[in-house]
Amino acid sequence: MGRTKKMVKEELANRPDNTAFTQQRLPAWQPMLSAGIVIPGFVIIGLAFIGIGVALFVTSQSIQLLELDYTGVEQTSPCFKCSDPNAKNCMCELTFSTDTLFKGPVFFYYGLSNYFQNYRSYGVSKDDDQLSGNLDNFKSPSDTCAPYEYDRNNKPFVPCGAVANSLFNDTFKLYQIVNGAKKVVPLDGKGISWWTDYNIKYRNPAVTPLKNAFNGTVKPLYWSKPAYELDPSDPANNGFINQDFLVWMRRAALPDFRKLYRRITDGDYAEGLPAGNYSLQIAYNYPVLSFEGRKKVVFSNVSWMGGKNEFLGIAYLVIGSLCVVMSVVMLIVYAKFKFPEEE
Amino acid sequence: MAFWRRNTHIEKERHVKANARDYNDKFSYADNRIKTSKYNIFTFLPINLFEQFQRVANAYFLVLLILQVIPEISSLSWFTTIVPLVLVLVITAVKDATDDYFRHKSDQQVNNRQSQVLIRGSLQNEKWMNVRVGDIIRLENNQFVAADILLLCSSEPYGLCYIETAELDGETNLKVRQALTVTSDLKDITKLMDFDGEVICEPPNNKLDKFTGTLYWRDNKYPLDNEKMLLRGCVLRNTEWCFGMVIFAGLQTKLMQNCGRTTFKRTSIDKLMNTLVLWIFAFLICMGVILAIGNTIWVSWIGRNFQVFLPGEEFQSNAVFSGFLTFWSYIIILNTVVPISLYVSVEVLRLGHSYFINWDQKMFCRQTNTAAEARTTTLNEELGQVEFIFSDKTGTLTQNIMVFSKCSINGQTYGDVYNEFDEKVEITEKTACVDFSFNPLCDKAFKFYDGSLIEAIKLEDLAVQEFFRLLALCHTVMPEEKSEGHLVYLAQSPDEGALVTAARNFGFVFRARTPETITLCEMGRAVTYQLLAILDFNNVRKRMSVIVRNPQGQIKLYCKGADTIIFDRLDPSSEALMYTTSEHLNEFAGEGLRTLALAYKDLDEDDFEVWMKKLLFASTVIENREDQLAVLYEEIEQGLKLLGATAIEDKLQEGVPETIACLNLADIKIWVLTGDKLETAMNIGYSCNMLRDDMNEVFVISGHTLLEVQQQLRSAKEHILGLSRVSSVGDVEKTDMFADDSVFEEAIIAEYALVINGHSLAHALEPQLEHILLDLACLCKTVICCRVTPLQKAQVVELVKRHKRAVTLAIGDGANDVSMIKTAHIGVGISGQEGMQAVLASDYSFAQFRYLQRLLLVHGRWSYFRMCNFLCYFFYKNFAFTLVHFWYGFFCGFSAQIGLDKHYWTAVNHLFIWGSLTVYFAILFAMQSNGIFGIFPSNFPFVGTARNCLSEKSVWLVILLTTVVCVVPGLVVSFLRVDLFPTLTDKVRHLQQSRKKEGPQEQNLRRVRRTSSRRSAYAFSHQQGYGELITSGKNMKMSTVSSAGSPGRTPHSSTWIENMLKRKNEQVYFKTI
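Chains A and B supply the protein sequences, listed in that same order.
Residue 2 is where the first sequence starts when you use this note's numbering, and the numbers rise one by one after that.
Residue 19 is where the second sequence starts when you use this note's numbering, and the numbers rise one by one after that.
You can trust all of the hints, since none of them are fake.
Calculated cross-link-like contacts (lysine to aspartate or glutamate; reagent style EDC-like; alpha-carbon spacing at most 16 Å):
1) A/K309 x B/E970
2) B/K619 x B/E652
3) B/K574 x B/E623
4) A/K337 x B/D997
5) A/K339 x B/D1004
6) B/K380 x A/D18
Derived by calculation from the structure, the hints in this document are not laboratory data.
Model the full assembly from the supplied sequences, consistent with the hints where possible.
Spelled out as structure tokens, the structure:
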């Protein structure tokens, strides 16, 4: 017996394994699109989407937004005088008022239009190794930085490249006018960049004082002060981890963009900007008229879902209603053409 | 191989001298080494790479890679291309290398087989590859012939030897070869050593049935033909040993010359994919041009003003140049629309499908322990598209086993099994078979289920005894008794073997024969009959008889043959029995059995003497001997007494009729191409249910000239078309009538069948007739071609392939099917049997015909579905991914800035088969992780992107929205389509679902029933029997001496070989090429 058993086993040595996988018996599910599932499904999706859409739309509507163009193209604009390319250290002042409380926390952006930060050869023109604090790249920046690699005396630019070179350098001060007197609105510039940028991607070289790391290098062509002196008020906010620098280096995806400048969170303004008159003092340095660009400042508050975005809510509403409409259409079609077998 | 051929001059004539290596070396003939491999270690890399870069896709990506190295253009880092490219190259190379390794191994195995070569006066063992042209080699029984050799002598008398040519032409019966008389005496080594004959013969060619040459020896010339040649691939049988001289070796042997070049088979999806890729490439160029123009415009209108913050150089040169560079940048960035990974993924997918085929237990054959095997991995989805199947008969549809299944003796049928209620019981494996233990000489493999026959034997029923005595005496089978009681019958046709084996088991054991006697063991008693004459079978007579004198001294004639022939020659006293037997024959034929009628006659001593004298006289006549003999035979085979009839089952492979019916339902046309006789083929056609009596007409085309064939084809076609539209035709001209018949193909409801023989087929395949043939064949439901050569099989397949644009599949088991297997889109070999030629040439192999159903209808369908779904998804994915960049181009000044990070996408693309979003996100975060950034700051600049994006709630809301927007329209469309335009599948599924709700239901299984009228086929054997050979005594080893003195035989026997070989030549001509 034993022998025959063994023989049988040997004989069937080539027999394929009997598993669900090899025999293609793995459970599969191909739903029948029966009316009982599809039509109620559509109604539920539709209703849910309409709900989300309404919520989004209402939220978006509740967001306050204030945009002020200060390019100075029109002669009436207070910044008109500064738009002249020859003007140096030009200051201009913009006044505006709010009727109601501008609910806090208020975000303060600057915005640029027709500005192609997403142009490829502009975008690649930087040296990530240098920006992460590699001192070798201080002396010889990567050739991706061309043409902002070395100056005429063959000294390396630090930070090199077109992106860093074109750092936005307008500065703003905000005052509330209370009884004709200007009251400074404190602006908070901490933590406006991405956490990863601040902590990982951009690093200052481990040299103290920081200035020494920059020996033998020159500041970028368009900069008025070197990287280690970007923020005179806070020594820790200098070099490559300067918040404004970080915000600028994170390139915008579209040619019309805004970037976060400051947040208004402190003191009397923690609840927001009270109704009243305000004055915005602008140090106008950044030329944009040559490429028909526009500059503006934007005040906005945010909701749980981010900034003002009406499109998303509307899209949800549209899709939701379409689903409901389709469910009705399908119901009609189904009633007319259903399978005879089901009767 | 090709190089070697180019170098040699074209051989016009071959000179070979025996035992003279130096002389033969002058001609630099091919040695006996065969080489089917493509590479060796050193040539592998260059040749393989060269081959791979000939593929358009690989070349395209090489160009892309070069483009990416240019920094002004490159928008992506070069390793996004090199990684997949190298992956593709490596995978393909590994596959090629393993294939070639196995080819090397099989070559080596063949080359290293041992053979005995006569070198310097002694026999030495040599490897096959060292055998040279002109060598004399010794072969032993059951050995493969090492090269094409000229038979010099053998252990058998007269230099006879027997070979089996299954590897060459698929025929399993034995064939006789005979050496020249002058050389047949060279039986010892010293004589062979001195043999220095020179053969001058034709150059190597691929004709298996032809050889012309001359042997020059001792100032004499001897003509040589194919009957003196043993070809490589044959097996020596029934012959202890033989010596031969090598004429053609290695690649120049006829077998190797017949191995058609394997063509690379492509599927229609491949072709579609290539066209698609070309179109997509054109589309890519279009996009590139549009974006380049966009860039030019952008630069001259907007970009110029933006110089302040941008590197100056680019804008100083002109905008057109910038556009030009942008074009190339976009070619790179948008390259994913022409997906290289598509080719890899498709290959991987097909490989997976092949494994599913290999793994399928439903295609595993228990008996032979063979699983199905997908030998080619690239054709799976084509299986679902097959429209024509060309099938071999012997060994494919049938098992080539003849089984004695029923008989009718003296008006009584035996063979059916009845249960206690007198109902016929279907015979299955479980049915108890008759116990033959009373008979020590019985064949254990023989099975019979009806016990009443054995009872009749035991009751010593005279008719039954005579019946089996006839079966034991009237045949040309040779017995071989290896040990006491262990009998083996060497039959020339399996039918005869089956009949003699039946007689053996029922107690009439055919034990031994000499030229004059036949010894039987009748129910345990040894009885010797004196054999007086064998009246052999031929195609005209369709019967054979023996005349014997039994121990009691009576002379008897036993005759078996086709029923119609026998019934014409019956004694009036048998008339009543004839009617009952005739009824039984109808019954047998209805079950698809092959029938024979048996009859005997008592002869008067004096009459016989007179007749015998006439016979002896006739057999010495030189002119018209055949005819005279036939007349004499006719004279004595009169007034026979009917004994009964036998029914032999040509056993079909399991489940053949069901499979054919099922494939017919799937609108797949099955053509049977067989080398067998017309009758046999038709018989099988009926038993497979391919031919039926309720068919309107079965056209048999058997013309001998072109005109005749044309006539027959025309009239058959007119018959079909005429019937189908009697009203519409009328005065329309005939040419018009044939012009547009494809429209009417569908309309013809009536069922027709076409049977055509090889002779007619040769004419019908000529260019002027092939269209008619094809049209007619496609109008018929069943097409059977018989007596076709391997080449004709391939021609038929080629014909359909060329004109029908349908996917064809050829299935066969023997070497004679190789050409058709290679020609068809898909070749299937039946494995698990002895010959491996067909399997080696095939794309798929399995053990039984019925697995074809599962292969085509399940695996083929699934493969096709999956492949199509995959392609749809793949193109969709690539377009979705790539067109984003097109869109984004309008926002970034057409600067070829990428909007998505390529680094993880490449990985995701390849790992998506593991498929889960988990992997996706893991990679997403890994690639943008702080750690990786710390190591390669400039290569992974996207650190934190994912984290910051995904922490935005609106991003998730957008993802949800887009998902729904993408899915919902699809759902709506498919829901509405099911309701408005339901496909067959939808209906079936609906039905299934509603059935399920109703609960289990009895299913009506359609049973395939055979309905057919009586077709008594004397499908006796392929060729004329060995009757003459037996009576001449030439093939009797021991008894030749004793029989030599027999009077009257000598003149007869002097010419028998000539006759036989002559006839055989005619036969063989039809069978081989």
